[in-house]
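*Asks:* Assemble the whole structure, with the sequences as input and the hints as a guide.
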Amino acid sequence: LAKTTQPISMDSYEGQEVNITCSHNNIATNDYITWYQQFPSQGPRFIIQGYKTKVTNEVASLFIPADRKSSTLSLPRVSLSDTAVYYCLPVQGNTGKLIFGQGTTLQVKP
Amino acid sequence: EPEVTQTPSHQVTQMGQEVILRCVPISNHLYFYWYRQILGQKVEFLVSFYNNEISEKSEIFDDQFSVERPDGSNFTLKIRSTKLEDSAMYFCAGGAGTNTGELFFGEGSRLTVL
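Residue numbers (the working numbering), protein chains in the order written: chain A, 709 to 818; chain B, 806 to 919.
One or more of the hints may lead you astray.
[As the list claims (entries may be wrong)] For the chain B half of the interface with chain A, some residues (derived, Cβ under 10 Å), not all of them:
hint : residue
1    : Q811
2    : Q846
3    : F870
4    : T905
5    : G906
[To be verified] Residues of chain B clear of chain A, computed beta-carbon distances all greater than 12 Å:
hint : residue
6    : Q816
7    : N833
8    : R874
9    : P875
No wet-lab data here; the hints were simulated from the structure. Even for Gly, the Cβ is constructed at its ideal location relative to N, Cα and C.
*Replies:* Structure representation (structure tokens):
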């Protein structure tokens, strides 16, 4: 299973764009990359998923380079309510099982 | 938007007692999971369930744990004889397939073992 490395914490200010990069050097060919968000005392919430290149939805964008050894979650114009833990997770294509790491705690300041 | 419902939201029990945590997954989901999160720690995979049987379980999921989906709707996690270290938030999750990483998590059941 691919091991992921992401910053433990990040600070930002309201209205800024935030980019959180995750490295996954040994990602398997059939693994997807997903990102989840978790608020305190709540279940994780799916944000976005991709395999290669760029994916965008109403919440975020996900950039995955051709070698797929890293991915970057981009949150446009964050607000205070985006303060949360963000997890980068490779998903085994044949099990759907998610293995969570420590994630990145994003603190958005006014 | 459909959601995963978990009950109880909080349960306090004495060590050695049996606990059942219940989950109602989204109706068209076929794959079900239990995860737990000890306070301040990461979310840990416990078990996955598909086609009425366990498809994978972690080392945490020992003989004290069991899961079932008796009536096709409720998905339960039973801890037969609780220990202090079972105190955690337990999350149920479901998904429509394995070729996607999009799981829908419930709000969790907080278990406190005294």
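*Asks:* Evaluate each hint against the coordinates.
*Replies:* A quick look at each hint next to the structure:
no.: 1; hint: Q811; in the structure: holds, 8 Å
no.: 2; hint: Q846; in the structure: holds, 9 Å
no.: 3; hint: F870; in the structure: violated, 16 Å
no.: 4; hint: T905; in the structure: holds, 7 Å
no.: 5; hint: G906; in the structure: holds, 3 Å
no.: 6; hint: Q816; in the structure: holds, 15 Å
no.: 7; hint: N833; in the structure: holds, 15 Å
no.: 8; hint: R874; in the structure: holds, 16 Å
no.: 9; hint: P875; in the structure: holds, 23 Å
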